[in-house]
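Colleague: Residue numbers (numbering that gives the first Met the number 0), protein chains in the order written: chain A, 0 to 310; chain B, 0 to 388.
Simulated from the structure, these hints should not be mistaken for lab results. Please read all numbers here as calculations on a predicted model, not as lab measurements. Mixed in with the good hints there might be a few duds.
[Unchecked claim] If we take Cβ atoms under 8 angstroms as the criterion, some of the chain A residues that face chain B in the derived model are: (1) A28; (2) Q30; (3) T130; (4) E131; (5) D132; (6) G140; (7) S225; (8) D231.
Each residue gets a CB set at the ideal place from its N, CA and C atoms; glycine is no exception.
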Amino acid sequence: MEKLKSPRTGGILVLCAIIAILPAFLSNAFQMEIAILIFFNAIVCIGLNLLIGYGGQISLGHGAFVGLGAYGSAILSMGQGWDPLLAMVIAAIFTGVLAFVIARPILKLKGHYLAMATLGMGIIISIVINTEDQFTGGPDGMYVDGLSFVTKQIHWYWIIGALLIFSVWASLNLIHSPIGRALRAVHGSEVAAEVVGVDTTRFKVMIFVVSAVFASVVGSLGVYYSNFVTPDIAGFFHSIELVVMVVFGGMASTFGAVVGAAILTTLPQFLTFLHDYEHLVFGLILMLTMIYLPKGLVPTITAFFKKGDKS
Amino acid sequence: MTSRQNSIKKTIAALGMVAGAFAVTAQDAQAADPIKIGTFLSVTGPASFLGDPELKTLELYIEKLNEGGGVLGRQLELVQYDVGVDSKKAITAVKRLISQDEVDVIIGGSTSGATMAVVPLVEKAGVPFISLAGAVAIVEPVKKWVFKTPHTDKMACGKIFEDLQARGLTTIAMISGTGGFGKSMNGQCTKLAPAYNIKIAISESYGPKDTDMTAQLTKIKGVDGVQAVVNAGFGQGPAIVTKNYRQLGMTAPLYQSHGVASKKFIELAGDAAEGVRLPAAALLVADTLPDGDAQKPVVQAYSKDYSEAYGGSVSTFGGHAYDGLQIAVAAIVRAGSTDKEAVRNEIEKTSGYVGTGGVVNMSADDHLGLDLSAFRMLEIKNGDWSIVK
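With these hints in hand, go ahead and build the complete structure from the sequences.
Modeller: This is the structure we're talking about:
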């Protein structure tokens with residue numbers, strides 16, 4: 000029974016249940032679309048959360064990795080006529096290798112410098128995508144065929160939903176493995192971690208690569224799902240959006256990343272009735288959350304209930 | 000550990016509320032019975048100079064139509080979403096328009112990127128869609144459900160080349176912005192040049208945020224035999240090009256694109272703008288059009304309506320939205336219903352419609368319906384537009 004209550008099993012069961020029941024409440028294709036978008040964002044955020052929340056490293060260029068996956072798939076499958084799935088794998092490997100190569104010099108930096116370096120990397124990739132228009136279609140983007148065997152939206156729902164559950168499971172397991180503990184040690188104090196024999200650079204690089212691959216795969220699938228890709232996906236604002244989702248939901252909480260993605264994906268859709276004031280209210284909600292729930296939504300709520308238990 | 004369960008319970012409750020709210024909006028949509036016109040525009044962000052007048056125009060004229068009793072005895076309802084310049088948001092917005100709001104017609108898409116991103120969706124769902132974006136790729140090749148009202152960059156090239164021919168100039172230089180607009184127009188001009196026996200001797204480019212183009216212009220100046228320079232771009236870039244051009248003492252005729260067809264350009268470029276020529280819609284010169292011009296009453300009326308409602312001067316972009324709405328409404332009236340297939344067929348049959356952009360004659364293989372006569376060649380004289388005779 001105790002095992003059921005742990006996030007590793009209990010949490011995943013609840014998530015499975017929500018994903019299984021949700022289609023019954025979705026009355027049209029648009030609502031289904033939002034659900035799928037949430038899943039996509041949640042998967043990227045889970046990967047990013049490993050880096051930010053557990054590894055303690057910031058990345059302001061994660062949109063670029065999503066973009067690399069998306070454009071890698073788009074160019075290989077459309078331009079070169081490759082099988083989409085193969086294109087996706089190759090794009091993920093390429094993104095992983097690129098992340099690995101740049102991780103070593105980049106992750107030697109700390110704090111603001113690290114943020115700046117990842118920001119710069121993201122912008123460079125974004126510029127390349129924007130300007131190499133013979134491959135990428137330039138700022139106007141490019142059309143991409145989907146996966147021939149997944150045509151119905153509901154099938155996409157199940158596939159991405161399953162992938163989300165897998166990502167949560169993988170993330171929770173990683174965190175509770177020796178690697179995860181080493182990572183948290185790095186986050187806590189890098190010097191202390193090194194003193195007890197943790198190869199901090201190796202772990203930081205590894206988690207950077209893992210989160211980049213998460214992003215790349217989502218980018219590829221996103222392109223196959225929406226049949227279209229534009230450079231916005233690799234842009235600065237997308238990167239920031241992803242970081243905000245992680246921070247809003249709660250750093251160092253896998254479910255926090257999922258909740259953050261869910262709320263920040265649906266919120267703008269609810270606020271559309273405000274028209275001109277939409278962005279104002281959106282910003283206000285973010286500010287208030289950061290002021291009153293600085294640790295993010297899920298950890299704050301969890302802590303609140305924990306306190307309640309003791310008294 | 001119960002804490003986590005509690006938090007999860009809360010999450011479920013929240014999700015339930017979310018689903019509930021969705022269900023309510025869906026029911027509302029079914030109860031009312033107006034004709035629904037959906038739009039997604041770049042009302043905020045860097046392309047707001049397009050989306051803002053477009054939205055204002057749609058709102059203004061839908062209100063006017065409703066005051067006049069609506070269309071087919073039904074009121075019109077505008078459903079709008081702001082998509083900034085994010086094509087992904089455009090995709091979400093259009094899915095929402097199609098499957099949740101169940102709109103009858105979609106008029107929108109301020110940028111070519113946003114329009115092209117939603118084309119597959121619209122084609123799949125089968126909803127008449129009139130785009131307000133410039134690129135020629137939107138209607139070439141023809142797509143069953145997709146139409147557009149603004150002139151294309153290809154037409155701008157054609158109009159400029161026509162004028163060059165009339166002046167007996169054959170060798171030109173191009174300088175283009177690297178943004179989507181400049182790039183697309185540069186490509187179209189390069190493709191079209193041989194048909195007009197025009198040789199592009201040199202082609203330079205500049206970034207969207209560059210503040211000085213003397214280097215590129217000096218290079219152009221150094222090329223022998225350049226008789227005119229064509230600048231493809233919009234925003235502040237062309238104004239800087241124009242200033243630098245005069246500073247370098249270059250005297251060959253300078254052509255700008257329809258992308259700078261607003262008073263803002265003249266303000267920014269100041270005296271340097273004197274003598275610059277550009278193709279633009281009749282709307283800009285509403286009052287100086289000759290009296291017999293078919294477009295004169297239309298553009299004057301639109302100018303007046305818009306300025307009265309919102310103040311300030313009109314832009315051609317709002318005019319595109321006006322044309323889109325008029326074409327759609329006329330098609331609905333002719334079809335006698337909002338049956339999507341029938342409305343689509345009627346839009347395709349639009350002929351002789353005199354709008355702000357020109358005279359529109361659509362057909363099964365032309366979903367734009369404008370020819371080069373829709374553009375006027377303007378020259379900037381004494382800080383104002385004048386028509387080149």
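Colleague: State for each hint whether it applies.
Modeller: Tested hints:
no. : hint : verdict
1   : A28  : holds, 4 angstroms
2   : Q30  : holds, 5 angstroms
3   : T130 : holds, 7 angstroms
4   : E131 : violated, 11 angstroms
5   : D132 : holds, 6 angstroms
6   : G140 : holds, 6 angstroms
7   : S225 : holds, 6 angstroms
8   : D231 : holds, 5 angstroms
Violated hint for the displayed structure: number 4, the only one.
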